[in-house]
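Kindly produce the complete structure, drawing on both the sequences and the hints.
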Amino acid sequence: MRYGQAPEVLRDVDLRLTPGSFHFLTGASGAGKSSLLKLIYIAARPSRGTLRIFDHDIGTTPRTELPFLRRRIGVVFQEFHLLDHLTAFDNVALPLRIAGHRLEQYQSDVIELLEWVGLGERMWAYPPTLSGGEKQRLSIARAVVTKPDILLADEPTGNVDHAMALRILRLLVELNRIGTTVVIASHDQDLVARSGMPVMHLEQGRLSLQPAAGPRPFPEDVDTFAGTGIL
Amino acid sequence: MSLADDRGPDPAAAILPSRDFRDLGLVFTVAVLSFLACIAVIAALAADRAAQGWARQLSGSATVQVRPLGGETGAEAAARAAEAVAGVKGVSEARAMDRKAAEALLEPWLGKGNIPADLPLPQLVTVELSPEHPASSADLNRALVAAHLNATVDDHSRWMADVRASGDVVRVSAALACLLIATAAASVVAFATRQGLAARRDVVEVLHLCGAEDRFVARLFQMRFASLATRAAAYGALAAAAVGAILRLTGGSDGFSPALPVAWTDLLACLAAPVLGAIVAALSAHSVAMAILREQV
Numbered sequence: 066m067r068y069g070q071a072p073e074v075l076r077d078v079d080l081r082l083t084p085g086s087f088h089f090l091t092g093a094s095g096a097g098k099s100s101l102l103k104l105i106y107i108a109a110r111p112s113r114g115t116l117r118i119f120d121h122d123i124g125t126t127p128r129t130e131l132p133f134l135r136r137r138i139g140v141v142f143q144e145f146h147l148l149d150h151l152t153a154f155d156n157v158a159l160p161l162r163i164a165g166h167r168l169e170q171y172q173s174d175v176i177e178l179l180e181w182v183g184l185g186e187r188m189w190a191y192p193p194t195l196s197g198g199e200k201q202r203l204s205i206a207r208a209v210v211t212k213p214d215i216l217l218a219d220e221p222t223g224n225v226d227h228a229m230a231l232r233i234l235r236l237l238v239e240l241n242r243i244g245t246t247v248v249i250a251s252h253d254q255d256l257v258a259r260s261g262m263p264v265m266h267l268e269q270g271r272l273s274l275q276p277a278a279g280p281r282p283f284p285e286d287v288d289t290f291a292g293t294g295i296l
Numbered sequence: 261m262s263l264a265d266d267r268g269p270d271p272a273a274a275i276l277p278s279r280d281f282r283d284l285g286l287v288f289t290v291a292v293l294s295f296l297a298c299i300a301v302i303a304a305l306a307a308d309r310a311a312q313g314w315a316r317q318l319s320g321s322a323t324v325q326v327r328p329l330g331g332e333t334g335a336e337a338a339a340r341a342a343e344a345v346a347g348v349k350g351v352s353e354a355r356a357m358d359r360k361a362a363e364a365l366l367e368p369w370l371g372k373g374n375i376p377a378d379l380p381l382p383q384l385v386t387v388e389l390s391p392e393h394p395a396s397s398a399d400l401n402r403a404l405v406a407a408h409l410n411a412t413v414d415d416h417s418r419w420m421a422d423v424r425a426s427g428d429v430v431r432v433s434a435a436l437a438c439l440l441i442a443t444a445a446a447s448v449v450a451f452a453t454r455q456g457l458a459a460r461r462d463v464v465e466v467l468h469l470c471g472a473e474d475r476f477v478a479r480l481f482q483m484r485f486a487s488l489a490t491r492a493a494a495y496g497a498l499a500a501a502a503v504g505a506i507l508r509l510t511g512g513s514d515g516f517s518p519a520l521p522v523a524w525t526d527l528l529a530c531l532a533a534p535v536l537g538a539i540v541a542a543l544s545a546h547s548v549a550m551a552i553l554r555e556q557v
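Going down the list, the protein sequences come from chains A and B.
So for the first sequence, the working numbering puts the first residue at 66; every next one is plus one.
So for the second sequence, the working numbering puts the first residue at 261; every next one is plus one.
Incorrect hints may appear among the rest.
[To be verified] Partner residues are not named here, just some residues of chain B that face chain A (Cβ under 7 Å, in silico):
hint, residue
1, 277
2, 466
3, 471
4, 472
5, 473
6, 557
By construction, these hints were calculated from the structure, which means they are not laboratory data.
Quantities reported herein were computed from a predicted structural model and do not represent experimental measurements.
All C-beta atoms in this analysis are idealised placements derived from N, C-alpha and C, irrespective of residue type, glycine included.
Laid out in structure tokens, this is it:
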């Protein structure tokens with residue numbers, strides 16, 4: 066993959082994500098992590114090679130079909146990409162409104178999800194009034210509200226303290242346990258090491274895979290988000 | 261935008277920010293265009309009414325010029341001619357014009373009191389035609405020939421053609437002006453849509469990544485600009501209606517002047533401006549937004 070006439074940022078990437086898998090994506094800045102995620106959430110098309118998502122060749126799939134594939138992919142952005150003029154509730158409900166659901170269909174689900182990520186008291190607040198951690202959890206809630214098949218998170222712990230990072234990671238693991246394929250791009254080597262999850266490492270645009278180090282060793286004393294089984 | 265933490269769910273929460281200072285320029289421009297369009301239509305309606313009135317007057321009358329023969333005087337010949345055409349079907353009244361009336365017709369050119377008493381004047385007969393089934397020029401000619409009169413009939417057809425052509429020019433000019441104004445409005449909205457999409461690139465990106473189709477995004481801009489254009493066109497139409505009302509009031513029953521007789525009903529044309537503004541803006545915004553969005557991944 067390349068941007069315009071610039072050198073390729075990803076080269077010879079051969080990757081197959083198994084449904085229900087959990088991977089960390091690591092690499093130095095500029096190694097191509099965000100570009101790889103962009104390819105997976107179909108914000109870019111490969112300049113060469115083949116990209117298949119949900120059995121669709123993205124290079125040949127008509128533009129009009131891409132939105133329906135994107136609806137099966139949740140994305141947590143490093144910069145959140147929340148809409149500041151919408152409340153937390155409306156931000157989370159946005160993918161459902163886009164999919165054509167009505168308020169009475171999604172209201173209780175959205176409220177339950179916001180409570181699940183610890184934002185039950187802040188659901189009518191606007192993003193500019195939320196802390197970094199709250200925005201991060203709001204972004205996660207929006208990403209998972211449609212129950213996506215794939216969840217991509219770009220540095221989801223980059224704006225929060227270590228305790229919050231562990232809570233967010235635990236949330237993502239919970240989602241993975243119910244079948245969501247999860248890919249997390251992270252700089253946090255300590256978090257990656259503690260997770261024991263398989264790692265995809267990018268170096269100068271080339272991808273290498275490191276298998277899981279062992280069972281999931283999350284400390285049980287980390288607070289979770291009071292799971293309600295909503296998903 | 262209020263950041264108060266006191267809202268409930270809003271099924272119609274605006275996905276695009278509802279207010280933007282950049283909209284002011286668009287509102288002002290569309291309001292001015294709407295004002296101009298409404299004024300053009302009001303003027304065209306009034307001018308058309310004037311043209312129709314003149315045409316009606318011209319088509320409802322004819323003039324017969326009589327040349328006396330033999331020992332007959334001009335007045336006698338005119339009286340006979342009036343009698344002859346008065347019996348034609350489709351004529352409601354025929355009257356020989358006396359010298360005083362003929363002099364009155366010349367006064368604008370020669371001045372009052374400047375017409376010598378011995379100046380020979382044409383002997384004229386004014387003929388009022390029936391509005392339902394007016395007699396033709398040929399009918400009148402036949403009656404005059406039958407009465408052995410040397411006379412020519414002027415049915416004003418030459419003037420009527422000019423008046424009708426003037427009316428057509430006014431109508432076509434107004435239609436072209438409205439078309440140009442609509443095109444200008446569409447261009448302004450297209451420009452604003454481009455600006456809006458560029459300014460709200462972040463929102464559009466989020467919508468796309470949340471699975472929004474192009475037409476969903478385009479519809480947001482379409483609704484937004486249609487709403488703005490409706491409001492702006494209503495302001496312009498209101499201002500134009502106010503100007504039209506002033507023209508009507510200052511001109512008495514004839515409107516601004518006999519040449520531009522504005523009627524109260526003409527002002528109703530302003531009601532169409534917000535609707536047409538919304539349609540033009542919606543079509544323009546939708547097509548531009550779709551064209552831009554199609555260029556993206």
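Verification of the hints:
1. The closest approach between the C-beta of residue 277 (chain B) and any C-beta of chain A is roughly 5 Å, which is under the 7 Å cut-off, so the hint is satisfied.
2. Residue-level restraint check for residue 466 (chain B) holds (minimum Cβ-Cβ distance to chain A is 5 Å; threshold 7 Å).
3. With a cut of 7 Å, the hint placing residue 471 (chain B) at the interface with chain A holds, because the nearest CB-to-CB distance is about 3 Å.
4. With its C-beta approaching chain A no nearer than about 5 Å, residue 472 (chain B) sits inside the 7 Å limit, and its interface hint holds.
5. Taking 7 Å as the C-beta cut-off, the interface hint given for residue 473 (chain B) holds, the closest approach to chain A being about 5 Å.
6. About 6 Å separates the beta-carbon of residue 557 (chain B) from the nearest beta-carbon of chain A, less than 7 Å, and the hint is met.
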